[in-house]
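Peer 1: Chain by chain, the residues run as shown.
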Amino acid sequence: MYRYDQYDQQIVDTRVEEFRDQVKRRLSGALTEDQFKPLRLMNGLYLQLHAYMLRVAVPYGTLDGRQMRMLAEIARKYDRGYGHFTTRQNIQYNWIKLADAPDILADLATVEMHAIQTSGNCIRNISSDQFAGAAADEIADPRPWAELLRQWSTFHPEFSYLPRKFKICVIASDEDRAAMRLHDIGIQLVVRDGQIGAKVFAGGGMGRTPMIAPEINDFVAIADLLSYVEAALRVYNRHGRRDNIYKARIKILVNDLGAEEYARQVDEEFAGMKARDIDPPAAEFDRIAAFFAPPAFDADAPDTIDRSDPDFAVWLDQNVRAHKQPGYAIATISLKPVGGIPGDASAEQMDVVADLAERYSLDEVRVTHSQNLVLPHVRKADLYTVWQALRDAGLAEANLDLISDIIACPGLDYCSLANARSIPVAQKIAQRFADLDRQRELGELKLKISGCINACGHHHAGHIGILGVDRKGTENYQLLLGGSGAEDVSLAKITGPGFDEDGVVDAIEKVTNVYLGARQDDERFVDTYRRLGMEPFKEAIYG
Amino acid sequence: MADFLYYRDDAPHEEPAVTLDGFLDQANASAVRIEAGEDARALLPHLERLRMIEVSFPTFKDGRGYSAAQILREAGYDGELRAQGDVLVDQIPFMRRCGFDSFSPETPVDPATLQASLDRYDQVYQRAADGAVPVWKLRHG
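As you go down the protein sequences, you meet chains Y and X in turn. Each residue of the first sequence is one higher than the one before, counting from 1 in full-length UniProt numbering. Each residue of the second sequence is one higher than the one before, counting from 1 in full-length UniProt numbering.
No lab work stands behind these hints, which were simulated from the structure alone. The structure displayed is predicted, hence computed values, not measured ones. Among the clues, some could well be false.
Stated by the list, open to error - Capping the alpha-carbon separation at 30 Å, the derived lysine-lysine pairs in DSSO-like fashion look like this:
| # | chain 1 | residue 1 | chain 2 | residue 2 |
| --- | --- | --- | --- | --- |
| 1 | Y | K274 | X | K61 |
| 2 | Y | K324 | Y | K247 |
| 3 | X | K61 | Y | K167 |
| 4 | X | K137 | Y | K538 |
| 5 | Y | K472 | Y | K493 |
| 6 | Y | K77 | Y | K97 |
| 7 | Y | K380 | Y | K493 |
| 8 | X | K61 | Y | K37 |
| 9 | Y | K165 | X | K137 |
| 10 | Y | K165 | X | K61 |
| 11 | Y | K380 | Y | K428 |
| 12 | Y | K510 | Y | K324 |
| 13 | Y | K24 | X | K61 |
| 14 | Y | K380 | Y | K274 |
| 15 | Y | K24 | Y | K199 |
| 16 | X | K61 | Y | K97 |
| 17 | Y | K324 | Y | K274 |
| 18 | Y | K247 | X | K137 |
| 19 | Y | K37 | Y | K199 |
| 20 | Y | K472 | Y | K167 |
| 21 | Y | K472 | Y | K380 |
| 22 | Y | K199 | X | K137 |
| 23 | Y | K274 | Y | K167 |
| 24 | Y | K493 | Y | K510 |
| 25 | Y | K274 | X | K137 |
| 26 | Y | K37 | Y | K247 |
| 27 | Y | K324 | Y | K428 |
| 28 | Y | K165 | Y | K274 |
| 29 | Y | K24 | Y | K77 |
Stated by the list, open to error - Some chain Y residues near chain X, calculated using beta-carbon distances under 7 Å:
| # | residue |
| --- | --- |
| 30 | Q6 |
| 31 | Q9 |
| 32 | V12 |
| 33 | Q151 |
| 34 | R234 |
| 35 | I278 |
| 36 | D286 |
| 37 | A289 |
| 38 | S346 |
| 39 | T528 |
Ideal placement from N, C-alpha and C gives every residue a C-beta, glycine not left out.
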């Protein structure tokens with residue numbers, strides 16, 4: 001894992017003092033709420049329906065045990081004993097007092113964490129593959145690239161008042177576990193002539209106008225990465241629309257110009273960038289990469305697992321994935337218990353995860369964009385012990401990628417933008433499909449719920465998506481089918497008229513029944529949908 | 001007179017700024033104002049005769065002027081570069097980094113707050129027009 005040096009620490013500590021000063025000016029009345037808003041937003045502090053919400057950055061979703069324990073401590077000390085892991089691999093606290101915010105940031109800084117640029121129209125937390133450094137299919141660990149981008153983007157003076165927020169993702173395998181092509185800039189590391197470089201996509205995103213990012217460059221060398229991205233951002237900062245907040249994301253610019261023309265403008269800008277000495281020397285990349293060298297794996301770790309406990313075997317089959325190191329496995333901790341709030345974890349649960357990470361996962365935890373946690377480096381021989389501890393903490397739900405592994409935004413229960421509640425719908429769906437055998441029979445089924453058109457719950461990318469809208473003062477839920485945020489990326493389509501809360505749960509049951517009746521071989525729900533098209537599903541719902 | 005902040009050693013340029021179109025039509029004009037949507041690159045052939053460029057910030061949210069400033073400085077412009085409009089005290093350090101060296105904010109700026117803000121950060125992570133040395137350079141010399 002990356003560790004701060006004196007410079008990184010100094011910058012984060014200074015940020016704490018800066019924000020303390022800004023909060024002081026707000027509390028004294030020297031700043032109006034209007035003047036304070038852009039300042040607090042640049043530091044992840046939102047004014048929500050009931051209280052302030054603080055979003056803490058988890059760079060590329062990687063934490064160690066000490067950091068996870070601090071997140072638990074903050075939940076206990078300043079919130080109501082829990083936190084909410086987000087689709088951007090961050091954590092949010094929903095019940096924060098403004099006067100406490102500087103102290104929270106000071107506590108975070110003691111464990112090399114911050115809330116810098118977790119909101120505002122700037123470059124947000126860099127996201128990545130939650131299996132980075134562990135996945136058998138990666139060509140390299142993408143996190144050194146992400147850390148290089150994190151530092152470059154932190155307090156970037158030219159790009160702190162962009163037309164709109166800006167999200168960058170870096171992955172390093174063909175399997176896309178991070179919804180890379182639904183980012184403003186998506187980067188996939190590829191190998192060419194023995195060198196690793198970045199294949200760059202631009203202009204993806206969800207929101208009210210979802211778009212899949214087209215490729216704009218097939219290979220950018222590490223030595224040019226920052227100047228190329230700087231060029232891409234400059235074209236956007238200068239030409240992205242500012243007249244309409246709903247058309248201000250880069251996806252609209254890229255779509256209006258066409259990917260080819262946008263890429264040409266970036267190349268033109270890039271041509272002038274190299275003279276500016278923007279790119280750090282190879283020694284800096286090597287310095288960062290050294291922090292992500294493979295941890296000290298036990299070369300003699302046994303490669304067999306005792307499956308005699310049937311409940312454990314179910315979890316093993318559902319939540320555990322192959323690791324590149326023999327004798328190790330990647331275990332996903334579901335934060336989606338039936339009846340729970342997707343992504344929520346209590347302080348006690350965070351402490352349990354911190355302990356398990358330290359003892360059994362080489363001191364690493366990951367946050368996934370699906371709002372789950374991961375222990376990336378568990379010896380196969382320790383999996384049963386880990387599972388027992390998770391089970392005792394209510395964290396052993398064996399539903400990874402199943403219908404109850406739902407992504408949901410906070411919705412109208414918390415969010416001031418929402419039109420409808422998301423959490424109760426997620427809970428009802430999970431309850432309807434509570435029988436795990438039934439879920440496993442349905443197989444991989446990614447269900448995603450947003451409480452408004454801004455699509456924080458990724459409904460466009462759901463095999464099944466739900467969009468909550470306000471229809472004449474009552475909550476109404478539209479059903480969408482056929483989306484994917486993975487390497488088979490696609491955008492979901494609306495089935496037809498919406499439903500009330502119970503109606504949409506019934507409709508989901510009907511479409512899953514169509515799938516069960518029609519699937520061939522080992523087709524997933526989305527495969528059957530793609531083969532058959534919308535009609536039979538529509539017929540079952542509305543016919 | 002509204003606040004005027006000046007960070008240059010020479011005397012402020014007195015000639016009033018003309019619009020970009022006006023400037024391109026007048027061979028002797030030496031001060032120009034560009035609006036947020038106007039292309040700063042249109043000035044690049046004329047940098048020799050320019051003494052002052054004013055960049056408009058219609059709202060603090062409109063960040064196009066930061067890129068305009070960077071482009072002008074990267075092209076070698078070393079005359080006065082003024083940020084005018086909805087310029088907030090907490091934005092001035094970033095504007096300084098992008099090459100602005102004078103400010104004409106619409107609402108007055110508290111001098112003590114501004115000074116604290118300008119003095120706050122000793123380190124930066126990236127290159128910009130101010131020439132500050134990024135930490136990667138400090139790390140590797």
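Peer 1: Does each hint hold? Answer for all of them.
Peer 2: Consistency of the hints with the structure:
1. Y/K274 / X/K61: Within the cut-off at roughly 29 Å; holds.
2. Y/K324 / Y/K247: 42 Å, violated
3. X/K61 / Y/K167: 18 Å, holds
4. X/K137 / Y/K538: At roughly 60 Å apart (the allowed maximum being 30 Å), Y/K538 and X/K137 break the hint.
5. Y/K472 / Y/K493: 23 Å, holds
6. Y/K77 / Y/K97: Roughly 11 Å separates the two Cα atoms, so the pair holds.
7. Y/K380 / Y/K493: 41 Å, violated
8. X/K61 / Y/K37: Roughly 11 Å between the alpha carbons, so the hint for X/K61 and Y/K37 holds.
9. Y/K165 / X/K137: 28 Å, holds
10. Y/K165 / X/K61: 12 Å, holds
11. Y/K380 / Y/K428: Measuring from Cα to Cα gives roughly 35 Å; hence the hint is violated.
12. Y/K510 / Y/K324: Since the Cα atoms of Y/K510 and Y/K324 sit roughly 40 Å apart, the hinted pair is violated (cutoff 30 Å).
13. Y/K24 / X/K61: Since the Cα atoms of Y/K24 and X/K61 sit roughly 23 Å apart, the hinted pair holds (cutoff 30 Å).
14. Y/K380 / Y/K274: With a Cα-Cα distance of about 48 Å, the restraint between Y/K380 and Y/K274 is violated, given a limit of 30 Å.
15. Y/K24 / Y/K199: 45 Å, violated
16. X/K61 / Y/K97: 26 Å, holds
17. Y/K324 / Y/K274: At roughly 37 Å apart (the allowed maximum being 30 Å), Y/K274 and Y/K324 break the hint.
18. Y/K247 / X/K137: 38 Å, violated
19. Y/K37 / Y/K199: It is violated: about 36 Å lies between the C-alpha atoms, which goes past 30 Å.
20. Y/K472 / Y/K167: It is violated: about 34 Å lies between the C-alpha atoms, which goes past 30 Å.
21. Y/K472 / Y/K380: Given that 30 Å is the threshold and the Cα spacing comes to 54 Å, the pair is violated.
22. Y/K199 / X/K137: 27 Å, holds
23. Y/K274 / Y/K167: With Cα atoms ~24 Å apart, Y/K274 and Y/K167 stay inside 30 Å; holds.
24. Y/K493 / Y/K510: Holds, at roughly 17 Å.
25. Y/K274 / X/K137: 16 Å, holds
26. Y/K37 / Y/K247: At roughly 22 Å apart (the allowed maximum being 30 Å), Y/K247 and Y/K37 satisfy the hint.
27. Y/K324 / Y/K428: 38 Å, violated
28. Y/K165 / Y/K274: With a Cα-Cα distance of about 26 Å, the restraint between Y/K165 and Y/K274 holds, given a limit of 30 Å.
29. Y/K24 / Y/K77: Judged against 30 Å, a Cα distance of about 21 Å means the pair holds.
30. Q6: Since the shortest Cβ distance to chain X is 9 Å, the answer is violated.
31. Q9: 10 Å, violated
32. V12: With a closest approach of 11 Å, the Y/V12 hint is violated.
33. Q151: This hint holds: Y/Q151 lies near chain X, its Cβ roughly 5 Å from the closest one there, short of 7 Å.
34. R234: 5 Å, holds
35. I278: This interface hint holds because 5 Å falls under the 7 Å limit.
36. D286: 10 Å, violated
37. A289: 14 Å, violated
38. S346: Nearest chain X Cβ about 35 Å off; hint violated.
39. T528: 46 Å, violated
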